[in-house]
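Kindly produce the complete structure, drawing on both the sequences and the hints.
Protein chains in written order, with the UniProt record's numbering: chain A, 1 to 467; chain B, 1 to 201.
By construction, these hints were calculated from the structure, which means they are not laboratory data.
Hints are supplied without guarantee of correctness; some may be wrong.
Under the rule of at most 27 Å between Cα atoms (straight-line distance), these lysine-lysine pairs were calculated in the DSSO-like manner [to be verified]:
#, chain 1, residue 1, chain 2, residue 2
1, A, Lys51, B, Lys34
2, B, Lys31, A, Lys51
3, B, Lys6, A, Lys163
4, B, Lys31, A, Lys163
5, B, Lys3, A, Lys163
6, A, Lys369, A, Lys440
7, A, Lys9, A, Lys240
8, A, Lys9, A, Lys253
9, A, Lys240, A, Lys265
10, A, Lys77, B, Lys31
11, A, Lys166, B, Lys167
Where chain B lies over chain A, by a calculated footprint (3+ residues, C-beta under 8 Å) [what the hints assert, rightly or not]:
#, segment
12, 107-119
13, 299-311
14, 316-322
15, 410-416
16, 424-434
Please read these numbers as outputs of a predicted model, since none were measured by experiment.
Yeah, the Cβ is synthetic: ideal placement off N, Cα and C, and Gly gets one too.
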Amino acid sequence: MSPKTLYDKIWDAHVVHESDDGTCLLYIDRHLVHEVTSPQAFEGLRLAGRKVRAPEKTIAVPDHNVPTDPNRLAGIKDEMSRIQVEALRQNAADFGVEMYDVDDIRQGIVHIIGPEQGWTQPGMTIVCGDSHTATHGAFGALAHGIGTSEVEHVLATQTLIQKKSKNMLVRVEGKLPPGVTAKDITLTIIGRTGTAGGNGHVIEYAGSAIRELSVEGRMTVCNMAIEGGARAGLIAPDEKTFEYVKGRPHAPKGAQWEMALEYWKTLTSDEGAHYDKIIEIDASEIAPVVTWGTSPEDVLPITATVPAPEDFAGGKVDAARRSIDYMGLTPGQRLSDITIDTVFIGSCTNGRIEDLREVAKIMEGRRVKDGIRAMIVPGSGLVRAQAEEEGIADKLKAAGFDWRMAGCSMCLGMNPDQLAPGERCASTSNRNFEGRQGYKGRTHLMSPAMAAAAAITGRLTDVRELD
Amino acid sequence: MDKFEKLTGIAAPMPLVNIDTDMIIPKQFLKTIKRTGLGANLFDEMRFDREGNENPDFVLNQPKYRDAEILVAGDNFGCGSSREHAPWAIKDFGISCVISTSFADIFFNNCFKNGILPIALPQEQVDLLMADAEKGSNARMTVDLDQQQITTSDGEVIPFDVDPFRKHCLLHGLDDIGLTMEQAPSIDSYETQLSSVRPWI
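In structure tokens:
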């Protein structure tokens, strides 16, 4: 038998039917549903008189639209948002799908709660009508975003019609320098490959620097696979992964746990497996990075300066000119001279407990600079509760942060948390697109540590140089 | 689903690279629970100012491109969010074909579910079609899915590739779910086997 990659193995284990032209019907083990990309799918089922084939393999949670202010249980003021959340509630009830509602402590960002509840496990196929589904790949699962028509297809059949992607390996070897985190790794990779570099591929992240990361750090890396154009990113599961899954509410128990464990240990790429594309990165050369433009590929070390459009080639020259103009920057300006108005810590990229601990560590004995709006939005009700229990919440509040309820918040501005026109944000989220965080808002992506450093000084700051 | 067979129409040029789905349909329009009506807000933040006035420079606001049915765009069109609202908005506006050097995977997939034909071509050919689109409304392009070829206003013919299964579904307006439902016995037997091999699933 020819050697297989991890992706090949998971794929092969899920093929229900393969046509002569290679089009496959792929079985889906878990389906996560949120309020924005599902109403039309449930409506389609109703119109066709179809049922959800496997409601026990599906969970629903509202996250994109929900306000994050502590008074939100009084109701969502924005009528369209309210209707969308109510539609999810009705659809979950009508079709027998479990839902973590707004008043449930388990509610949170769909990609945070999947792993948290043990829904996410190695070797699974996991889909959601959200491109950041790639996050779950950190467990050695094949996880990717789908459109609403495909959401309906999975609800009705528990399968997807797919053609296999190509294999791409991103190997990060060596030791990360101090102050460099999982977020810097993933942004650096996108800076290197570009936002289309992974198109048509599934990325496997490997190498000693990836192995060294915690499971939560690995989630941050896989989360942004889509920003590099790959629908899915994955990492072979290991003891850290198994330990993370063990004992969670939906993890296998007893004899099934042992059986699962035995299977999960086979989920590594074979020696000599073929990759269509290989990228090698030296971990020791990665610096704390920020984005300067309006594409996640616009990544530079914090010690660099704003580039000029002429530094680029082809269509990117005009795109860079547009970005620099939109971001209100000047070529040659030092990145560390860029002053900010707002700090956003949260999102499915960086809204987990370890992210909040990292911020708390940086803030030790320091404060948010006067005049800076700084918000922390835990990724789930449980992350929030844990941070409160650990005393992190009190410390961060005392340091000047606004302590919010769980949700997608300012990552995408579909709820009241938004930037005003021209407002500049140091953000731990995943997209710096025009208008993403609010009309004419300006987003710089970075790690939680770097966002905390920016909160302290009021400008983009090298976390290694804090006093 | 609408069929796509053959289309002759005006092509609008949008040479910008990395046009993301947030640009195609900004977040505030994702709060709908319907698939229709999104065309009015296609490229909203590029097309209109805050007060809703048209930006006269934007390509689809120019009289010659208002009725465009084809879009010729820069590299990596449709990157970012998986929102199917993006192809819904494009289709609702009246555009049924997008041509670029490359597309983001999820967007590319979503197009085929909505009667839109995305065509990926080498840079040189996209440049040629971009130049043809820039001629305006007197220059009509023809896209023939059955023959897999584009004919420019000058009569130049450019062949393109398309996945045979997707071509078949698009030509006949077939609903994926109906097709998959016919394979229910295969899904049943997969699930039976799954319950013994990986019972924890």
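Okay, the hints, checked on the actual structure:
With a CA separation close to 20 Å, the supplied pair Lys51/A and Lys34/B stays within the 27 Å bound. Between Lys31/B and Lys51/A, the direct Cα distance comes to roughly 24 Å. Compliance with the 27 Å bound is thereby established for this hinted pair. For the hint linking Lys6/B to Lys163/A, the alpha-carbon distance of about 25 Å falls within 27 Å, and the restraint holds. For the hint linking Lys31/B to Lys163/A, the alpha-carbon distance of about 31 Å lies beyond 27 Å, and the restraint is violated.
For a cut-off of 27 Å, the pair hint linking Lys3/B to Lys163/A stands: about 22 Å separates their Cα positions. A C-alpha spacing of about 24 Å is found between Lys369/A and Lys440/A, which places the hinted pair at or below 27 Å, so the restraint holds. For the hint pairing Lys9/A with Lys240/A, the CA-to-CA distance comes to about 21 Å; that is within 27 Å, so the pair holds. Between Lys9/A and Lys253/A the alpha-carbon distance is near 24 Å, which keeps this suggested pair within the 27 Å criterion.
For the hint pairing Lys240/A with Lys265/A, the CA-to-CA distance comes to about 12 Å; that is within 27 Å, so the pair holds. Between Lys77/A and Lys31/B, the direct Cα distance comes to roughly 13 Å. Compliance with the 27 Å bound is thereby established for this hinted pair. Our distance criterion of 27 Å between C-alpha atoms is met by Lys166/A and Lys167/B, whose separation comes to about 21 Å. With a cut-off of 8 Å between beta carbons, the segment 107-119 of chain A has 0 residues touching chain B; three or more are needed, and the interface restraint is violated.
Under a criterion of three residues with beta carbons nearer than 8 Å to beta carbons of chain B, the stated coverage of the segment 299-311 of chain A fails, only 0 such residues being counted. With 4 residues carrying a beta carbon less than 8 Å from a beta carbon of chain B, the segment 316-322 of chain A meets the three-residue requirement, and the given coverage holds. Using a Cβ-Cβ cut-off of 8 Å, 3 residues of the segment 410-416 of chain A lie near chain B, which meets the minimum of three, so the contact claim holds. With a threshold of 8 Å between beta carbons, the proposed coverage of the segment 424-434 of chain A by chain B holds, since 3 of its residues qualify and at least three are required.
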